[in-house]
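A.B. asks: Protein chains in written order, with the numbering used here: chain A, 1 to 386; chain Z, 1 to 421; chain W, 1 to 555.
Hints listed in this document are in silico derivations from the structure and should not be mistaken for laboratory results.
You can trust all of the hints, since none of them are fake.
Covered stretches of chain W (in silico footprint by chain Z; criterion: 3 or more residues with CB under 8 Å from a CB of chain Z, positions within the stretch not fixed):
| no. | region |
| --- | --- |
| 1 | 185-192 |
| 2 | 441-455 |
Calculated from the model, a selection of chain W residues having no Cβ within reach of chain A, i.e. all distances over 10 Å:
| no. | residue |
| --- | --- |
| 3 | Lys24 |
| 4 | Glu36 |
| 5 | Met281 |
| 6 | Lys352 |
| 7 | Gly473 |
For every residue, glycine included, the Cβ atom is placed at its ideal position computed from N, Cα and C.
Residues per chain, in single letters:
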Amino acid sequence: MKGAILKVTENVANPIINFLEKGLDKKCFDAVLIPVKVPVGNSFAWVLIQNKSLLEDANPLPPVMPVQGAKALSSITRMGKTNKKIAAIMRPCEVRAAVELSKLEQVNLENIFLISIDCPGVLPLKDYLERPEEAMDKFNEILLGACPERSRRAQNDIEWGNESTRPACQVCDKFVGTDLGFCQSDLHIGILGTKDKNIFLIPNNEKGKSILNKMDIEAEKSMDNWEKKAKELMEVRKKKKKEVQERLKFKVMGIDNLLDVFSNCINCHNCRSACPICYCRQCYFESEKMKLPSDDYLMRAKSKGALRFLPDTLLFHLGRMTHMSLSCVGCGACEDACPMSIDVAQIFSFVADNSQGLFNYIPGKNAEEPLSLRIYKEDEFHEVET
Amino acid sequence: MDNGNILVIGAGVAGINASLSLADSGRKVYLVEQTSYIGGTVIKFEKVFSNMECATCMVAPKQQELLAKENIELFTISEVLKVEGSLGNFVVKVKKKARYVDLKACIGCSACFEPCPVSVKNEFEEGLSERKAIYIPCPGALPNIPAIDTENCVRFNGKDCKLCKEACMFEAIDFEQKDEEIELKVGAIVVATGFSSFDPKEIPKYGYKKFSDVYSALEFERMFASNGPTTGEIKLRNGESPKSVAIVHCVGREEKGYCSAICCMNSLKFVHYLKEKLPDVKISEFCSDLCIPGKSYEKFYEQTKTMGVDIIRFEDIEIKEEGKGISVKYKTDTKGSSLPVDMVILSTAIEPKKDASKLAKILGISQDEHGFFAEKHSEIASVDTSTEGIFIVGCAQDPKDIQNSVAQSEAAVGKILSRGT
Amino acid sequence: MVEKIGVYVCECGPNIADNVDIDKVMETISSLPGVEVVERHKLLCSQNGKKFLKESIQEHGLTRIVVAACSPKQHEVTFMKVCEEAGINPYLFQLTNIREQCAWIITDKELATERAIRYIRAALRRVPFHRDLAKKEIETNPDVLVIGGGIAGMEASLLLAGGDRKIYLIEKTDVLGGKVKELDKLLPRMESSLNIISQKIQEVEQSEDIKVYTKSEVEEVLGFLGNFVVKVKIGENKELELRVGAIVVATGFSMFDLKQLPRYGYGQYDNVYTALEFEKMNIDGKILLKDGKPPKSIGIIHCVGREERGYCSGVCCMYCLKFANYIKSKLPDADVSEFYQELSIPGKAHQKFYEDTKAKGVNFIRYDEVEVMDKGIKYKTESGEEKTSSVDMVVLAPAIEPSGDTGKLAEMLRVSQGDGGFFQEEHPKLAPVSTSMEGIFIAGCTQGPKNIPESIVQAQAVAGRILSSLIPGKKLELEVKTSEISEALCIGCQTCLEVCTYGAIYFDEMKRVSVVNEVLCRGCGNCVGSCPSGAASVKHFTTTQLHQEVVEALR
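Work out the full structure, taking the sequences as your base and the hints as a guide.
C.D. replies: Next comes the structure, spelled out in structure tokens:
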């Protein structure tokens, strides 16, 4: 694997911002879609920047993910391709969601440069908003964990994906934006495995190479260090994921367990609104079809003895699961959005891993690979035959 | 003005198809069918090659459309007695035999079968099962209205039996019905009378009717049919499942002097039938030349080969007794051999309908050397006959598969509507 | 508005009455909301029953009807007609099956009664969600475009031309006649091919209704049955726009390219000819070697390219036998050998031709593998023996394949290609000359390899289809239960476009939503099943209707 090396000046963000400024100067792209800290408050929002000077406030790697990047990209390109070129700086799970949505024509990638960054995970939104400064420090520590030499503390105990990040992030094994992470950005920015103050630019395809070419950046340096570190960390994550899912399996197996898991649910459907993949204009569970006459409920109450309201909570989750699990990228946005702290992302990722395994399909890996349910194979799933 | 009405003889798949298209164009169609049901030979099949589609399900919509069509008048259990006149002005005499069941009153509930004291071999099932004297040929037959077979009904043989009438809640059974002779005026005639199957008894070496487990292709079709005598179970006469089956191609080809075109594919289809029900059965296909023309058939052959079948090219063949069972004694171009099997299926040739010559005389059209109706010109006018206004379609003209039969039926429609007869 | 629903329970003589407690059914049903009237009848499908039903509907001013009787297959149409006569839209009626799916299969009367009630309740729950559906008709253009001026295209044109419609016959080359024109004699009677084809060409050229465009090609096809708009390119730079109601594709075939298979020595050795080259030689009158001498021995090789193409072309065996006859009549002493694999000579007239040919002293050699060498043919028999036969001329019978522009045309016409790349017929048995695109028909070798009589039959069949369905002055009745796609719910993913076999869905680029063309839609529901966002539904089978019915059935 070959790439270019950028020098880090103050922090990891600086060289990236400089790179983007240069990209705008050289007309590699005409605008940048990037998280920017909101002026009042502590959160971050996606901002489409055309004025170079405004890039100063941008943070390519914010500590939280209030809105999944693919949703932002979808709002921009849903009605068709953009006439100007946009560089979108996103986390790998956001890139994968964007690629997945492009298969459903919800994102048009034609004039978009997808630029991904090694993702250290994000902090739970709630934790961050409670004590923003403390959380920011914590996040910076994690970030520095990528390059042990630069950390102020002894590094061994600080691994990426430590306990302060979201549970979904802690078990994510697709946190890099190259083939290694089953992700197809055009250009990936590596921050793992740097010995001195460097970050890496890794073009994944011709589109990515063309940006570097235009900026006269040679991408001929070996990326072995980055790759080695990424692979190491990936192994750790995979192991952890396996352990976590092994435990989760018993928690969610069977209808009774599921009822328990979702018993806190208040039917707010925030998970659905936050999900980048939930592409429906109107959710079936919010449609007229789910509005039943009172007699029906009385009848159900009669047959069960009692009926909980709001109704059909578990049905909603199961319905959503069957609907989107083949495209679920495991970004964790749903769990962040849950006011009742249900492990919704972990459960969905677990189911998604299994259902995607059946089709040997990894969402967002490749824009050319058709959606599993959109192709017909004559010879499959003999186990469901009678 | 010339008469625009059309007579179609034979309600098999070709006749039905021609009638529907002609009716769609606004013509009045008289459809005369010899038997009590419509659908012809195709509805005896469980599945058709090469897409293995369910045959009855395939034809049922057409049958139902036909029965519901306002400008098609269907005469079942009927035959054409006399035809006079010429293109545009034929006068046809049809004998409409009594069904003894009122088509309008009967709802097809089948309550009348049970009490009938008569039991005879069911010819629709190739004699593999029995039926009553009031009967429908098989479950699902259309129109779903029974008929009384006066040859076997005891009432029509001197006894005062009215058990069926008593069982009917709809007063649909009418012993007073009489055969009628009807005169029709039509402008053109489509002959779609289909074919008969060669009787393998004519060639003793096949051991047909001598050995109990030697079956004709149609017998095997009915055995596999889910609405047939065994409800689809493939069984030997002793009730056991066969462990080995031989399928013999070209039965009667030499005697008839032509290749019947569909038997190779039909025989390959039997491999699918057998393997579906008896995955471990050993199958040997004895063929001479494989005749599987067309874009889709070789694919089917290749697929069939992967299911596990021995394909043996024979020059001579004989079914013999061996111990308690039977064996196929055969000669290839290099050696002679013998193969003991539990069951033999004979792929019989297609031959002209038994009464083809009678109909040819009535219609005033000629037959070829084999007895099929002769077309006007084998290359460029295969649905026309020497008599203008009389058309021949389907296997009445030449052995062919369903696709080509249907195409010919549409071709006759094209000819009729084009000349505006 | 509150619906006034009438429920009619048919006793079907003893069929339902014996096994379902109809009194109990009526009692239970009559207390349900919306039910205006519940009646029973001995046999609703009888004249009496229909009259009763009609009068009852009118008397009670019903807005929805539920009939509990037999299978919809049996009498749905019957009762829909009654509704129409009673002045109520027939789609506001529902037939629920308490005979086949209840009385006939459940032996316990109590259970059957309970089940019947359940079915009727489900129907009752469904009908308020039914909508008036109206029959629609469109004007049609009876004119026809025929693509391909071979024997099939000409035959179709001639039959279609009857004075009341115009036929446009488009031919790519500069002459009519197609491949038949390149043949010397026709099987099995060995008549001159030229005589027959010339007569057809003359008839076509003399017909006032047929307009022939040679050196022409179809450029673009828009529209649908009854209303196609076709752009045709004539010669180098002329363009023409035609409006037609139907299109016949009769573009024939190409011969398998022998250069792909060097083992046949074509183009490598002298005196190795293709079937059409050999026909040409016979049309010209003499069978001669390159050096001008008559050949002493000729090998005719069957099944060239069969394995590669994956199908038997069906016609080669017979014309190879014809070639032996050509040779025997011109060079009686020449040695002729037919190298074949499987002799495919179906039909009543062909075996005799084969036997007659054999009797003329033609050798028949079955090969397993074959290779053409300089002045000889090397072959392996089925039993594995390797042999060589010396010949001074070789004639090859190459497989028939779809003509070169089939792919382009298929895309333009939105008709799919099936086995072997030939045009896919609508149904391999029952609809061999129509396609999944209504109004587009196929005839001859464009549908699959076939001989001349079969091609002509297909051409006549196409004429039959068109003459019986596209009648001048007659409007076209459209499918009522078509699909519809909600603009509000469609996410624009275009999955439905891929699964629609009838090409009935197009994409509105401005609104970014899929739209159904009701003229082409046949309501199969493929789009509904594949729509990921629940935007597609089929009228009369909407999700709401089904949902309501199922919810109630499972209560």
